[in-house]
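Each of the two chains sits in its own frame; use the hints to bring them together as a complex.
Same order as they appear, the protein sequences are chains F and H.
Counting from 1, one number per residue, gives the positions in the first sequence under the numbering used here.
Counting from 1, one number per residue, gives the positions in the second sequence under the numbering used here.
Some clues are possibly wrong.
[To be verified] Only pairs whose alpha carbons sit at most 20 angstroms apart, straight line, appear in this in silico EDC-like list of lysine to aspartate or glutamate: (1) F/K54 x H/E70; (2) F/K247 x H/E70; (3) H/K222 x F/D253.
For the record, the hints were derived by calculation from the structure and aren't laboratory data.
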Amino acid sequence: MKRFSWLVFVIFLMGGAWSLAGAYDYPFKDPYLATVISTPSEFQPQLPEKIDYKLLSFKVFPERVVPSVFWYQREFRYSLTYQKGEAPLIFVIAGTGSSFYSANMIFFQKIFYQAGFHVICLPSPTSMNFITTASVTSLPGNIIADAVDLYRVMTMAWEQVKDRIKVSEFYLTGYSLGASEAAFVAKLDEEKRTFNFKKVLMINPAVSLYSSANILDKMLLAALPGGLKDFNDWLNRMLGRFAEVYKEMGYVDLGHDWLYDVYKTINKTQSPKRENLATMIGFAFRISSNNMIFTSDVMTNAGLIVPKNLVLGSADSLYEYFRATSTTTFVDYFDDLLFPYYKAKYPELSQERAIEIDSLHHIEAYLRNSTKIGLMGNEDDLILTSEDLAFLKDVFGSRAKIYPYGGHCGNMSYRENVKHMLNFFKS
Amino acid sequence: MKRTLYLTLFIFLALMAGCATAPVQKEPIIPAKRSVDEYAIPEKQQAFYVYDPWESMNRRIYNFNAVFDEYVFLPVVRAYEFVLPNFAQTGVTNFFNNLNEIQNLMNSLLQGKIVKVFNTIGRIAMNTTVGLGGFIDVATYEGVRRENEDFGQTLGFYGLGPGPYLVLPVAGPYNLRDATGWGVDLIAYNLVMNELYQELAIKGRDKDVANWGLLALFAIDKRHKYSFRYFMTGSPFEYEIVRKFYQVYREFLIEN
Chain F
1 MKRFSWLVFV IFLMGGAWSL AGAYDYPFKD PYLATVISTP SEFQPQLPEK IDYKLLSFKV
61 FPERVVPSVF WYQREFRYSL TYQKGEAPLI FVIAGTGSSF YSANMIFFQK IFYQAGFHVI
121 CLPSPTSMNF ITTASVTSLP GNIIADAVDL YRVMTMAWEQ VKDRIKVSEF YLTGYSLGAS
181 EAAFVAKLDE EKRTFNFKKV LMINPAVSLY SSANILDKML LAALPGGLKD FNDWLNRMLG
241 RFAEVYKEMG YVDLGHDWLY DVYKTINKTQ SPKRENLATM IGFAFRISSN NMIFTSDVMT
301 NAGLIVPKNL VLGSADSLYE YFRATSTTTF VDYFDDLLFP YYKAKYPELS QERAIEIDSL
361 HHIEAYLRNS TKIGLMGNED DLILTSEDLA FLKDVFGSRA KIYPYGGHCG NMSYRENVKH
421 MLNFFKS
Chain H
1 MKRTLYLTLF IFLALMAGCA TAPVQKEPII PAKRSVDEYA IPEKQQAFYV YDPWESMNRR
61 IYNFNAVFDE YVFLPVVRAY EFVLPNFAQT GVTNFFNNLN EIQNLMNSLL QGKIVKVFNT
121 IGRIAMNTTV GLGGFIDVAT YEGVRRENED FGQTLGFYGL GPGPYLVLPV AGPYNLRDAT
181 GWGVDLIAYN LVMNELYQEL AIKGRDKDVA NWGLLALFAI DKRHKYSFRY FMTGSPFEYE
241 IVRKFYQVYR EFLIEN
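The shape of chain H in the complex, shown without the other chains (with noise of 0.2 angstroms):
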């Protein structure tokens, strides 16, 4: 396990050094014509200020997920939805929605929001029995909407800032809040998990490889469910606007 672990930060920081490229500046540098000073907004009351103190490593982030999406995550993707049917890759789906319930459940427990509760307690008892341990959305056919509650919509619930913007390995676009808030999850996450390998008398080596495999398998229904292509906005600014539109779409959640 733990060399898997210290082959992917190896190949990580290779990508990360091969992505970034020190320019080398060769002519006298001539001011620009329509130059920043002059026809700029100014930083914060341009449309897509977002702070992000980090931006220098979290651009080389960026660009090394893009490159891992294109020659690893992507072509896992496809050769996933390749071999398995349709009806079988919406099982696989609906199955970590189910087990993402129990985070939809703590957090909307934490907010207080009772409707929220009660339709994912609802969601669980029925997708769970009925729905043969998630693999079929009963409820949301019944008319039972699913929620989509986390820890960082509760810390910013409770009137938390987003913090620095923060690009992730693979995961992608984050900000500190939410990044915390993921964390925290998944903690809750493992400690249910742990019961039910208990309960389900799974330890040791099996254990290891149940989790890892369900990590895997996540990954790739996560990337599977994204249309999301890298550079594919066509637009030199993409960095800024996927930064812009990530953080709009947290304030959506946090609202809701």
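Extracted from the complex, chain F is given alone in its bound form (with noise of 0.2 angstroms):
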């Protein structure tokens, strides 16, 4: 009997090294390639391939009239997973330029509909639809305004479902700026009281929006030496390889996995230059920031890219307003349309305070004590730099969870992120 549970215990000692030995598997160690690929579904936990949702959709100003250029943009739309009986609602905020549609929230949607939530999926303030229907200002980008907007949505949301749906209590989490946007309606939520979250989760937030914006901003010239002006070039020389790859591959579908088949096809040659992946990366937030300054730019008629009170027809071609959108950075917009309109109404406020309120300094006291905020978050994050990765440590202590790797947002679909992730909203 002694020798037995000897036995036991050496090998549940063995087990316990062999777990810390492989302490973390997520298959991409590098950060350009986690970001770029994320998590293909072999590394996903089990999800059903199919859900039923609500696709909903509601006016949030009655009065607002949308240019007749986004004549489809009529109301603010979000989705809703439900329950059939009692289970807490959980809302999901979508990271940058992203609707409750994208790929990372149908996969947020699944895990926790399938863990017994009720979900409702938001989309990013710097969205199309959110700029055009849900914004005060349609200038998002600061997170304070952001979190009012979206807390105002939440609130009409629940209005709306209320009735449908039975709610024990409410949790709260986001993604990338999603993330960063929760912590701020956490707090809005602390005065208000309309939901009292039991617990919120961050998962990679930015920590100040304008250094992340500014990094992404850079990224896209990683591979472009000769500036912007090149990026015609590298993209054609891109589609060639991916042309290639295609031959062997046979599909394309642009989903992650088959990003995963085309790296391991690629990788037999060549493994891919970092310099590529950053740019992909750049060229991707370039693209979403650019939805977000076009759309800004008509609906406040600021004039910065669409010359100032020209009404633009739904038939217009709009080709020439997306090239000189596409050479503007997400910090020409910081600068050019959102700090000149709040320094229009507050004359004394200065550039540096501005992009200071604009992070999580701004609420730090706040985070420091609210024991229901977690965060989850990775050592080697693209989107922070060292100081804020040392911030956000040193502020959620304990409730920081840090993955050695994962890049920005690239394993929060990894089996291990996952069951941390629900472990922390269950327990």
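Put into structure tokens, the structure is as follows:
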């Protein structure tokens, strides 16, 4: 008997050592690769193929007339997935530029639904639908104002669905910019008390919006030594490579698994170049921020890209504005649209102060003392500076779960991360 | 039959008119701070450039398609998905894929792609017999890959450029070359089907019903397979992005 228990003890120890040695097995150790490919489905938890969800919408500002060039943006849109009986409701806020319908959001919808939650997926305040229908200023990027806008639509969405679902308590999460916004929304809720969030999880947040955007703006140029004018050649080179790979693979679907297949195929001859990956990430960000900039410019008639007072029709060509927008960075947007707007309202506001307010530093005290808020991050997150990372570790202390790698949001659908996520909400 | 055609045409025109409201200019226009002349990358050097001389018409049809999708196409597809069990939906997809092999075979032959010719013959033989008239895709299960060839690709293979971009009602993005190719494929398909109808002694009204029924089911199956939703890219430049993506995708297919 005694020998037996020793044996068990030894096995237990070995198991422990083993699990420590293989502590974190997320497949991509390179943060750029992780950010581009994210998590192929073989490394994700088991998920239902399809779940039922409702696409819902409402008018936030009944008086608002959306310009006819955005004729298809009639109402604010979000999705609801619900359980039959009583269950906790979780709100999920999308990352920069994303709708409630993006691949990441569909993933969250599935895991939380599977774990027994009702799920409401919300678009990012930087997304076109949000800017046109739900933002008071139509100038996203000021997290305080964006959180107020978010809180409004969350309250209205709750009004819309509360008769059809039974809710035990409320939770909140978000990734990337959505995570930073979730923190401000949680703080707002402490005053308004509509939801009384039991727990809030921030997944890969930006600490300072300006600084993260600046990093991503510059990333686009990583493989373009001659500047933006080289982008077309670069893209054609990349597409040429993809075409070769396509010959071998025989399909294109732009999903994570497809990218993983592309990576595996390319990797047989040479590993992908870091600067190319960086430019891809920068390109994805540039497209999102361009969408935002053009939409905001038209909505506010600011005359940044589109001539002031010019009325665009639903079938007008937008290509020339697309060309002009594509040379515009997020930082340009901040300097030329967002900051001037607030400067006009508060003449004493300095640019430094505006940048400072637009960060988690602004609510540091709240984050430090609020035990219901947790953080999931990565040591090698590309949008964080080393000071940002140190700040997060210091402020969240034991409530921060920092993984050794995963890049920016690359590992959030990895099995172990998901397990941690669900444990966080359920404990 | 003619009446249906007129009705469709009427609805189409009405919707087009509804989609296109002319903008009213009230106040004086002031040049933009980051003007196109100063800040934009030259038209043809921009990465999203596609030759599109009929853009205005194309955009109107694109908008029409979006409305048609929301109010007609998708509701029908949803009903179809609700009524038919999953295995039957897959069966329908396989059935049309099998019919489509006619096009794959013809165009693989025209391009002298011998491996594809043999693959396709093998697939037709297996799927039409063991696969019960194409409803079960036995061949893929056996590891014989389905090819994707059409007459547009054949024209491209022999060096013909894409020509102007073209958005077709309901069918969506094309270019002049590929739309022409599609027409040729349809003629070939009809010739084969006529043979088949004769063989099965289907004629007159029955043949019309079969033809239109197949066409409707084909369209529904095709929409059912695509997850694309209009204006869900969340980009005000969706038209430009789709246009570029289509062009690149076709290049991939032609090179393959």
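So, going through the hints one by one against the coordinates:
A C-alpha spacing of about 15 angstroms is found between F/K54 and H/E70, which places the hinted pair at or below 20 angstroms, so the restraint holds. Pair hint F/K247 plus H/E70 does not hold up; C-alpha atoms about 35 angstroms apart against a cutoff of 20 angstroms. Restraint check: the Cα-Cα separation between H/K222 and F/D253 comes to about 16 angstroms, which is no more than 20 angstroms; the hinted pair holds.
Comparing the model with each numbered hint stated earlier shows that hint 2 is the single one that does not hold.
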